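Visitor: Those protein sequences? They're chains A, B and C, same order as listed. For the first sequence, the positions run 92 to 456 when the working numbering is used. For the second sequence, the positions run 14 to 302 when the working numbering is used. For the third sequence, the positions run 120 to 476 when the working numbering is used.
What the hints contain is simulated information worked out from the structure, not anything from laboratory work. Small disclaimer: the values here were computed from a predicted structure and weren't measured. Keep in mind that a hint or two might mislead.
Covered stretches of chain C, going by a simulated chain B footprint (3 or more residues, C-beta under 8 angstroms) [unchecked claim]:
id, segment
1, 158 to 170
2, 353 to 359
3, 366 to 380
4, 401 to 410
Listed below are the simulated SDA-like cross-link pairs for lysine to any residue, each with C-alpha atoms no more than 25 angstroms apart in a straight line [unchecked claim]:
id, chain 1, residue 1, chain 2, residue 2
5, A, Lys168, A, Phe146
6, C, Lys329, B, Val242
7, C, Lys338, B, Glu161
8, C, Lys288, B, Leu22
9, C, Lys436, C, Ala230
10, C, Lys338, C, Trp453
11, C, Lys467, B, Glu161
12, C, Lys328, B, Met137
13, B, Lys247, C, Asn450
Glycine residues also receive a C-beta, built at the ideal position from the N, C-alpha and C atoms.
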Amino acid sequence: MAQSTDLDLVSVVKRFGAHAAVNDVSFSVAPGEFFSILGPSGCGKTTLMRMIAGFENPTSGDIRIRDKSMIGVPANKRPVNMVFQSLALFPMMSVGENVAYGLTCRGVSRAEAEERANRMLERVGLKGFGERHVTALSGGQRQRVAIARCLVLEPTLVLLDEPLGALDLKLREHMKIELKQLQATFNTTFAYITHDQSEALVMSDRIAVMNQGGFEQVGSPRELYHHPATPFVASFVGETNRWQGDVAAASNGAISVRLPSGAVIQGRDHGQSQVVGKTALAFVRPEAIALAQETSALSGLPNRFEGRVSAVLFDGANSSLLIDTVGFDEPVRAVLPQAGQLAGIQVGEAIHMGWSADAVKVFSA
Amino acid sequence: MSAKPDTRLTLFLLLAPAVLWLGLLIVLPHVEILILSFSERVAPRVYVFGFGNYLEFFTEPLYWRTFARTAIMSILVTVLTLVLAFPIALYIARVAQGRLRAMLLLLCLLPFWVSELVRTLGWMMLLRETGVISYVLQATGLTGQRIEFLYNDGAVILGLVYGGLLFMIVPLANALESLEPAVVEAGFDLGGSRWTVLRRIVVPHAMPGIVAGSIIVFMLTVGNFATPVLLGGKNGLWFTEQIYAQFITRFNWPQGAAFGMLLLLLSSAIVWAGLRLTGQSLGTTLKQA
Amino acid sequence: MLTKRAGLKLATAFAALMIAGTAQAAEKLRLLTWADYAPKEVVDQFTKETGIEVEITLSNNEEMISKLRATQGAGFDLVQPSQDRIAGPQTEFGIYKPLDLSKIKSDQFIASMLESTKRNTTIDGKVYGVPHIWGTDGLIVNTKAAPNVADYNDLCDPALAGKTSFRSKRPALIAFAFANGMDPFASYGDAKAYAAMMDKVGAKLAECKKNVKFFWDGKDQLLNALRSGEVVAAMAWDTGGWKLNSENADIKFVAPRSGALGWVDTFAIPAKGRNDEAAYKWINFNMRPEIAAKVAASAGNFTASNGADKLMQGTLKDQFAESFPKAAIDNIKWYPAVPAGIEEIEGKVLDRLKAGS
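Okay, chain A solo, but in the shape it has when bound (with noise of 0.2 angstroms):
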C-alpha cells in the first residue's frame, strides 16, 4: 500500500437501527481508476455512495480522501462530485449555469465561471450549448451536461450513482463507451454504483461486487467472471447454469456434485475443501458447453449429456440454446454458435452437449 491513493474507506458500517445497511467495509481506490460497486438493488451501495458524497454518516469507521478523514466534513466542502441517478440538473438555470454553479460557489467570478463552463461544454461535445434550457437536452446531452457540471470542477473523485438508468438501451450501450472514454480522457478517478452487471464489466477497471451491506469480492471485471469468489458473485456476474446437489467424491482437487435425479458432474475444486457428503451448488457458464449433433465429437470431455432443445433464444452473436436434459431439473443454457452447423437449429431437434471438468466451479452450499 505504499502508492497513494484517491479514497479508501476503513471499517465503514452504517446502522439504520438494528438494520446495518453497510456492514464492514473497506476498500481503497486509485488515482485515475473507475471503480464499480455492483449489488443488486437493497444491498447497501447507495448507502455506501451517499456517505462517500456526505449525505450521511457512517456508525463507524473512516473514509478518506487523498489520506484526509472525512467524517465531519460536510458535503459542500469534500472535493467529491456525484453524478445522480435522475442526474438533478437544475431545471430553474441554464446548460451554461448548471455548469458554472459549483464555480461561483467557490467564488469564481462570474466572467471566468462562464469562460470555464463553456469550454467544458466543449470538450463534453456541447459546444454552443450554454444559453439552451436543460429540459430542451435529449437524455444523452443531460448526462453529458451532469457529468461537465462535476468535471469543471476537478474533482478528486466523481461519484456516478446509476445515471444510465433512465437512458433506453441503445443510448445506454453508447453512453458506456463514452463515460469510459470521458473518464480516460480527463484521467478522474470515477467510483460508480450500479445493478447492471454488464455496465460494470464494461467500463470498470475493478468491480467490488456487494451483497447485504457486505462486499463479496473486489477484482478486475476478468477475475470475477472467471474466477468468482463466493456463489453469489458465480451466479450475478455474467450469465451462468447453476446446480444443487451432494459431494459425491472428492480428491485431489478432482470433485464430482451428483445431482438429486442421480446424474453427476465432474468438476473442479477451487481451493476449498469439500466433503463428501455435503451439499454443493455447481456453476457452468454458457459459453463453455460444447455442442454437437454426434455423442462422439464430444469424447474428451468428461461432462456429457444429451437432451432436446426446448428454446431458441436468439441474439445474434449472443444467441443461446435452452437444452431440456435428463437428469436436470431445469434446461440447460448453452450458447449457440452462429457458425458451424448447428447454426439453423429448431426446438424439439435432439442435441448432445459437454463441458470440461475445468468449466465446473463447486461451491459449498
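Since chain A is already given, all that's left is putting chains B and C on it; use the hints.
Guide: Showing chains B and C alone in chain A's frame:
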C-alpha cells in the same frame, strides 16, 4: 346530423354554471359599480354623468394618501407573511412526513374554522392594555405598568399577517414539494452553502408559489376590513374603511363606487408590477395556486 | 320535455306557493331597530295579542338609511331612525312613506315631544315619523380617576392623555362646536358657514386626537374599556353611563356644561313596507304605558309614551335626576332635522380627522 347539436348542448350545460357565476356574481356587479362611479349628484335625486368622483380621489390628498398607506402596508404585510411562511412551508414540504405533515397543515387551517371577526377579537383580548400579554409581562415583573399593544399599525400588521399566513403556506408548500430532493443535494454537492442553495435553487424553484401566495395575501390584505378597523388605532385609516364610509355613513354611493374601482385598478396594477418584477406570468402562477 | 299541460300545472302550483308565501308573510312584521328596543317579553306579548310575528334586525342610523336606500325602501315594514335623520334622506332617496296619523293613538304620546318630532319629520306637509325613545349624548366619567371632567373640551385635557374616547361621528362634531362657543344648528341652512365652522371644529378635534385612546365604534367596546379603567372619560350615550353606574358608583353620566345632545328615535314606515297595518299595531302597542316602561327599562332610556315614567323603576329615575338637574334639562340641545348635504361636509372633516396623524 343529430350528434352535433347534442354535443353543443352538453358543452353549453357544462359551461353554464361557470358562465353564470362569472356573469352574475363578478361581471354584472362590477359593471353596475362602474356605471355608478361615473354619476355625480347635482340635486336631490338628480344625477349626471361625470368624472368628478375620480377627480376627487386625486385632488383630495386625504384619499390617495390613505390608499398609498394601505398599499404600502399591504406590501409590508405580504413580505412579512412570506418571510414567516417560507420556513414553515419548507418544513411541511420537505421535512415533515405523513401524519405530522397533515397535522401541521391542519394546525394552519384551524384558525379559519372561526370567523375573521372572532380571530380578530382574540387578538384584541391578547393585546389590549388589560389583556393577556400586558398582564403576563406585569406578573413576571418585566414591566411595572400596563402596556397597550392594541390600536397601532403594529397590531394591524400582526393581525393581517396572521390572517394571511395560511394562504401563503399552502401554495409555497405545494411549490416546494415538487422540488426533487436530489436537486437540493446536488446544490450542496457542487459546493453550495445553505444560503447559496436557498437563493439559487430553492427560492427560484418556489418562485411560482411565492408569487401566487403573495398575490393572494396582498389582495386579501388590501381588501380586508375588520382587522384594520378593530386592531387599528385612531390614526390608521384603511382604504376599505374609506369605501365603507362613502357607502354607508355618507350615503355617497357614486364616490364609494369610484373608490372601489380605483382599489381594484390600483391593486391590480401593483400585482402586475410584482409579476413583471419577478418575471412570472399569471398563467404559471395560477397553476401553482 | 314537459308537455304543455304539465308545464301549466307546474306554473299554477308555483303561483299557489307564491300566494301562500305572501299570505304567510302578511302575518309577519319585519322590524329594523336598535339593540334592546324590542325585548323578547314585549315581542311575545305582541304576538300573543295580535298573532303577528316580529322579525327583528338590529342596526344604527347610517345602516338603516343605507339598507333602505339599497332596496329603495323595501325589505322592512317598520324602522326606527333618529328624528333628525329622516327629512334629509327622505328628500334625497325617498325611502319612507308618509304616516297615516289617524291610525296612531296620539294621546299615548307626550304631546310636546310628538309635536316637535312631527315638525322635524315633515316634508311637503306630510309627516314621516313619530317619537319612541329619547335620550342624550353626554359624558361618561370615572369621577375617581377624572374628577374634573365637566365639558367635552375636558376630554382633551393632557392630564388624561390616552384615557379618553369619543366616536369619530357627527355627534362629536356637534358637541365640540357647542363646547367651543359655536352653534352648529343655527348654521344648518348655510352650507358655506357650516363648512367653515366644521373646519374649525375639525382642527380642534385633530388637536384633541393625541389625547384619545381610540375612536370608539361599538358600545360594548367602550363600556369594556371604561370598566377596566383603560378609558376614564368619554363622550357617549347616557344609557351606557347609567348602566356602568349601576355596576360601579364612581362612574357617572355627566350632562356637559355646554349641553347634552338630545336625540329622539322614531317610528317610520319604509316606502315599500308590505305590512303597514302590523306596523301601526306595533306602534300603538309599544306606546301603551306599561309596554313602553318595559322597553325603556330594556333600553335604559326614556320613552315618549305618556305616563310610562310613573311605571318606571326607581334606579333609572334617580340616575337621571343626578345627571340632569333642572338647568341641565333646559340646556339639552335637541337635534333639528339634518338638511341634505350637511353630512357630506361633516364626512370629509371626519375622514381627515381619522387619516391625519
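Visitor: Next step is simple, just say for each hint if it's right about the structure.
Guide: How the hints compare with the structure:
1. 158 to 170: violated (count 0)
2. 353 to 359: That given contact is violated, which follows from only 0 residues of the segment 353 to 359 of chain C lying within Cβ reach (below 8 angstroms) of chain B.
3. 366 to 380: violated (count 0)
4. 401 to 410: violated (count 0)
5. A/Lys168 x A/Phe146: holds, 12 angstroms
6. C/Lys329 x B/Val242: holds, 18 angstroms
7. C/Lys338 x B/Glu161: holds, 20 angstroms
8. C/Lys288 x B/Leu22: violated, 56 angstroms
9. C/Lys436 x C/Ala230: OK: C/Lys436 and C/Ala230 at ~21 angstroms, within 25 angstroms.
10. C/Lys338 x C/Trp453: holds, 22 angstroms
11. C/Lys467 x B/Glu161: violated, 29 angstroms
12. C/Lys328 x B/Met137: Since the Cα atoms of C/Lys328 and B/Met137 sit roughly 21 angstroms apart, the hinted pair holds (cutoff 25 angstroms).
13. B/Lys247 x C/Asn450: Not satisfied, since the Cα-Cα distance of roughly 31 angstroms exceeds 25 angstroms.
In the structure shown, a violation is registered for the earlier hints numbered 1, 2, 3, 4, 8, 11 and 13, in ascending order.
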